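Q: Sequence:
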Amino acid sequence: MSNENDPERKKENPFLKGWNDFVSGIKGGFENFQKSLQDQSKKG
1 MSNENDPERK
11 KENPFLKGWN
21 DFVSGIKGGF
31 ENFQKSLQDQ
41 SKKG
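Note that UniProt numbering has the sequence shown beginning at 1, numbered continuously upward.
Note that these hints are calculated values from the structure, not bench results.
On a predicted model such as this, the values are computed, not experimentally measured, just so you know.
Don't take each hint at face value.
Label-pair distances were calculated between CB atoms; the ranges are [unchecked claim]:
(1) 13 with 33: 35 to 41 angstroms
(2) 41 with 20: 29 to 35 angstroms
(3) 16 with 44: 39 to 45 angstroms
(4) 39 with 15: 32 to 38 angstroms
(5) 17 with 44: 39 to 45 angstroms
(6) 20 with 40: 26 to 32 angstroms
(7) 42 with 12: 29 to 35 angstroms
(8) 43 with 13: 43 to 49 angstroms
Simulated crosslink set (BS3-like; lysine-lysine; CA at most 27 angstroms straight-line) [to be verified]:
(9) 43 with 17
(10) 17 with 27
(11) 27 with 42
Just so you know, even glycine gets a beta-carbon here, dropped at the ideal spot from N, CA and C.
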């Protein structure tokens, strides 16, 4: 389990970097989705 606490290993892990990009992309998309839902409910 010591590998998880090793910063060098985290830096070199392309999967982890891709996952972080993926998660932040989903968060951004979800926030935009929420905004558009709120705008639609205001119009209605």
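Q: Now tell me if each hint is right for this structure.
A: Hint by hint, here is what the structure shows:
1. 13 with 33: 35 to 41 angstroms: violated (29 angstroms)
2. 41 with 20: 29 to 35 angstroms: Holds, since residue 41 and residue 20 (Cβ atoms, about 32 angstroms apart) stay within the stated range.
3. 16 with 44: 39 to 45 angstroms: holds (42 angstroms)
4. 39 with 15: 32 to 38 angstroms: holds (36 angstroms)
5. 17 with 44: 39 to 45 angstroms: The hinted range 39 to 45 angstroms holds for residue 17 and residue 44, with Cβ atoms some 41 angstroms apart.
6. 20 with 40: 26 to 32 angstroms: holds (31 angstroms)
7. 42 with 12: 29 to 35 angstroms: Check failed, 47 angstroms falls outside 29 to 35 angstroms.
8. 43 with 13: 43 to 49 angstroms: holds (45 angstroms)
9. 43 with 17: Since the Cα atoms of residue 43 and residue 17 sit roughly 39 angstroms apart, the hinted pair is violated (cutoff 27 angstroms).
10. 17 with 27: holds (15 angstroms)
11. 27 with 42: Measuring from Cα to Cα gives roughly 23 angstroms; hence the hint holds.
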